[in-house]
Amino acid sequence: MSLLTPLPVAGAAPPPAAPGRAVRPLLLGAPAPRLADRLGLLGPVPAATADDVLDLVRAAGLRGRGGAWRPTAVKMDAVRERARRTGRAPLVAANAAEGEPLSRKDAALATARPHLVLDGLQLAARAVGAREALVHAHPGLGLDALAAAASERADLDPVPVRLVVVERAYVAGQESAVARAAEGGPALPRPRPRSGGPVEVAGAPALVLNAETLARLALAARGLPTPGPLVSVSAPDLEARALELPPGARVVDALAAAHPTLPARTHAVLVGGYAGTWLPLAACRGRALTPEGLAPVGATPGAGVLLAATTGTCVLRTTAVVARYLADSSARQCGPCWRGLPHLAALVEALAAGTADAQGLARLQEAVGLVVGRGACAHPDGAAGTVASALAAVPGDVAAHLAGRCEQVAA
Amino acid sequence: MELIATSPLWVLARATGVVLLVLLTLVLASGIATSAGLRLAGVPRFAVQLLHRDAALLALVLLVVHVVSVVADGYVDVSPLAAVVPFVSAYAPLWVGLGALAVDVMVAVVVTSLLRAHLRLRTWRAVHLAAYACWPLAVAHGVGVGVGTDGTSAWMLAVTAACALLLVAALAVRATTRSARRAEADRTAPRRSLTPAGAPR
Amino acid sequence: MSARPDAASPAASLHVDWTACDGRGLCAELLPEVLAADPWGYPVAAGPHPESGGEPGVGGAPGVGPAPWPRREGVAVPAAALPDARRAVRMCPRLALRLEGAGGDRRA
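As you go down the protein sequences, you meet chains A, B and C in turn. Per the numbering used here, residue 1 is the first one in the first sequence, and the count goes up by one each step. Per the numbering used here, residue 1 is the first one in the second sequence, and the count goes up by one each step. Per the numbering used here, residue 1 is the first one in the third sequence, and the count goes up by one each step.
Simulated from the structure, these hints should not be mistaken for laboratory data. There may be inaccurate statements among the hints.
Have a look at the derived ranges for each label pair, beta carbon to beta carbon [unchecked claim]:
1) A:226 - B:121: 22 to 30 Å
2) B:121 - A:186: 12 to 20 Å
3) A:51 - B:54: 58 to 66 Å
4) A:186 - B:186: 37 to 45 Å
5) B:8 - A:203: 51 to 59 Å
Some, not all, of what chain C presents toward chain A, calculated at C-beta under 10 Å [claimed, not checked]:
6) 18
7) 19
8) 21
9) 22
10) 23
11) 32
12) 33
13) 42
14) 46
15) 47
16) 67
17) 76
18) 80
19) 82
None of the values given here were measured: they were computed from a predicted structure. Backbone N, C-alpha and C define an ideal beta-carbon position, used for all residues, glycine too.
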């Protein structure tokens, strides 16, 4: 079953066209079944109790596709437990807000299959007994399709759906930022509740699930096979694009799917997005695009984002751009983040420019350690991880930069 | 006048009034230093904060002595009610009233501070900011009620001026550290707009 | 204070609300056995980075800079440092510190 192929919609306006080249589903898979109703659903979502849905989620081994890969059943259990203890009816939220600059998959999915996401949202609401469902998306990036789909089916959905428009920002898709936006506040992360439990919207426990996670839940509920990974691949000469890969696809397969010559031209890959892990291409070979596949090399697929550093592209210069972007993206709520990340970015920029000496490198390594773990969200950790992995991925180039040269770019 | 002025309670009331002004000044100055994140050479920050707290608690004790001695002394007619409810005093209703107002503010500030760990920071802060009103209220009370006491004597005016100078200095230092912090915040602010970047080149 | 046999074992964990923390630096002064101040005054774990290095993919080079900040589990406070830790929590100008696991989670 394909996630990105637009479903034929009978008797309804076709979904808005995918923006440019960004959405080109690779896996055509089985054609979508002839639609039984005007909404273009894959047939109705089977009736299920809360426990049925939870069993289904467990059996399917569903995990969060927003980047953290937390088992969905664990999140559902936590929300149910909190709801039981506090007596508050929980909320569910479909998170299609992808702040990651190189991620395209949630917008592509929301545009191609908004009803799958909304089906999943209703199932998730059933699992935790939610009375309100939210949809978070960025304007122009899947929001219109989700809004149109939600209004089409408003009288069929047992749980009312409310749309939350989120301006695009790097930290806006973070789970607690979603909860805050749902309260009408700014889409900025906040500290986890003291209990360490689920995020809360105005005191009510909230189940925030990535749009892709929900689409997968909707497919699993119909007994359809599990699709392969959704990824967003980009390179200096290749605009970020969302792709659906066959199950078991590896990092190199994703690069080849984006462009046939890409694997041969690539020397390192930033796996997992701006807050990801740089790996030399050799370390990626044979690695499946799953947390388990990438764990041995210290990486995670995150939200399925890959950035290829092709021949002539300096990993350190790219990292400097990324570090500066992440510093600029700080919500400026936590001191070690808003002061530490610009400090870190400046040190990476010096190394990238070839103006840093050994002492500068030591200060850079110290600056990495200074930001890890010290913030309400993992934003500083992500920046630290990207910088630290860049140093580890291209040790030869680091040495060259200390000597004022670059292995990729001629002076 | 001479005879009455030697009444121990009246002496006590006036003496505690003077000491209270000095203590309040110390409390306010150390509070301003703390909020400025000011670091005096060789003095740890927590010491400044301990001074702030202990001086405030001592001031509260002296305030009780001050109020009780005024009320208990029969020279002027200040009822127990007038000591805490502003502007109902039979004697000098305005000046005693300002003092009563200062008492109320100070009690509110100290009580919320003792309960600080159980309050929201915003609540505590809102009440705590009222402490700034305490000082001018107390000074006005002292000078205004001072006709017939020592409040307008040269030495008392000198003490008041010295206290005011210390506070002005503390506020000036805080203003400069504030602007330094703001300058740093500007320096680290995003250099360009945050439209999501494509693949960095 | 006499050192008890268990004085060095963790008795509680200290958590920082980084959105509230303003880097005033009182906690590092009051609790030097657990906290130090970073260049901006924000608390870091006292003591050197353990040689083993951080988790894969996260953290600096092994042995460089301060010990990584344990976001989830908090910084371990040994029993001997508990009174100081309570004082630091109480005196934080921003109420940004929280002590957990020291006989009730109230802000002592």
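Status of each hint after checking the structure:
Evaluation of the 22 to 30 Å hint for residue 226 of chain A and residue 121 of chain B yields a failure: the beta carbon distance comes to about 48 Å. Judged by the Cβ atoms, the range 12 to 20 Å given for residue 121 of chain B and residue 186 of chain A holds: they are separated by roughly 19 Å. A C-beta distance of roughly 60 Å is found between residue 51 of chain A and residue 54 of chain B, which places it inside the suggested range of 58 to 66 Å. Taken as a hint, the range 37 to 45 Å is violated for the pair residue 186 of chain A and residue 186 of chain B, whose Cβ atoms sit roughly 20 Å apart.
For residue 8 of chain B and residue 203 of chain A, the hinted distance range of 51 to 59 Å is satisfied, since their beta carbons lie about 58 Å from each other. A least Cβ separation of about 4 Å between residue 18 of chain C and chain A falls short of the 10 Å threshold, and the interface hint therefore holds. Satisfaction of the interface hint for residue 19 of chain C is found here, the shortest Cβ-Cβ separation to chain A being roughly 4 Å, below the 10 Å cut-off. A hinted interface residue such as residue 21 of chain C counts as satisfied when its beta carbon comes closer than 10 Å to some beta carbon of chain A; here the least separation is about 6 Å, so the hint holds.
Because the closest C-beta pair between residue 22 of chain C and chain A is about 7 Å apart, less than 10 Å, the hint holds. Residue-level restraint check for residue 23 of chain C holds (minimum Cβ-Cβ distance to chain A is 5 Å; threshold 10 Å). Interface hint status for residue 32 of chain C: violated, as the beta-carbon distance to the closest one in chain A is roughly 18 Å, over 10 Å. Evaluation of the residue 33 of chain C hint against chain A yields a violated restraint, the C-beta minimum of about 19 Å exceeding 10 Å.
Annotation: interface hint on residue 42 of chain C holds; nearest CB of chain A at approximately 5 Å, less than 10 Å. Checking residue 46 of chain C against chain A by beta carbon gives a least distance of about 14 Å; that is not within 10 Å, so the hint is violated. The beta carbon of residue 47 of chain C comes no nearer than 13 Å to any beta carbon in chain A, farther than 10 Å, and the hint placing it at the interface is violated. Proximity of residue 67 of chain C to chain A holds as hinted, the smallest CB-CB distance being about 8 Å (cut-off 10 Å).
Because the closest C-beta pair between residue 76 of chain C and chain A is about 14 Å apart, greater than 10 Å, the hint is violated. Hint status for residue 80 of chain C: violated, given a least beta-carbon distance of 24 Å to chain A, over 10 Å. Taking 10 Å as the C-beta cut-off, the interface hint given for residue 82 of chain C is violated, the closest approach to chain A being about 19 Å.
Hint compliance for this structure: hints 1, 4, 11, 12, 14, 15, 17, 18, 19 are not met, and every other hint is.
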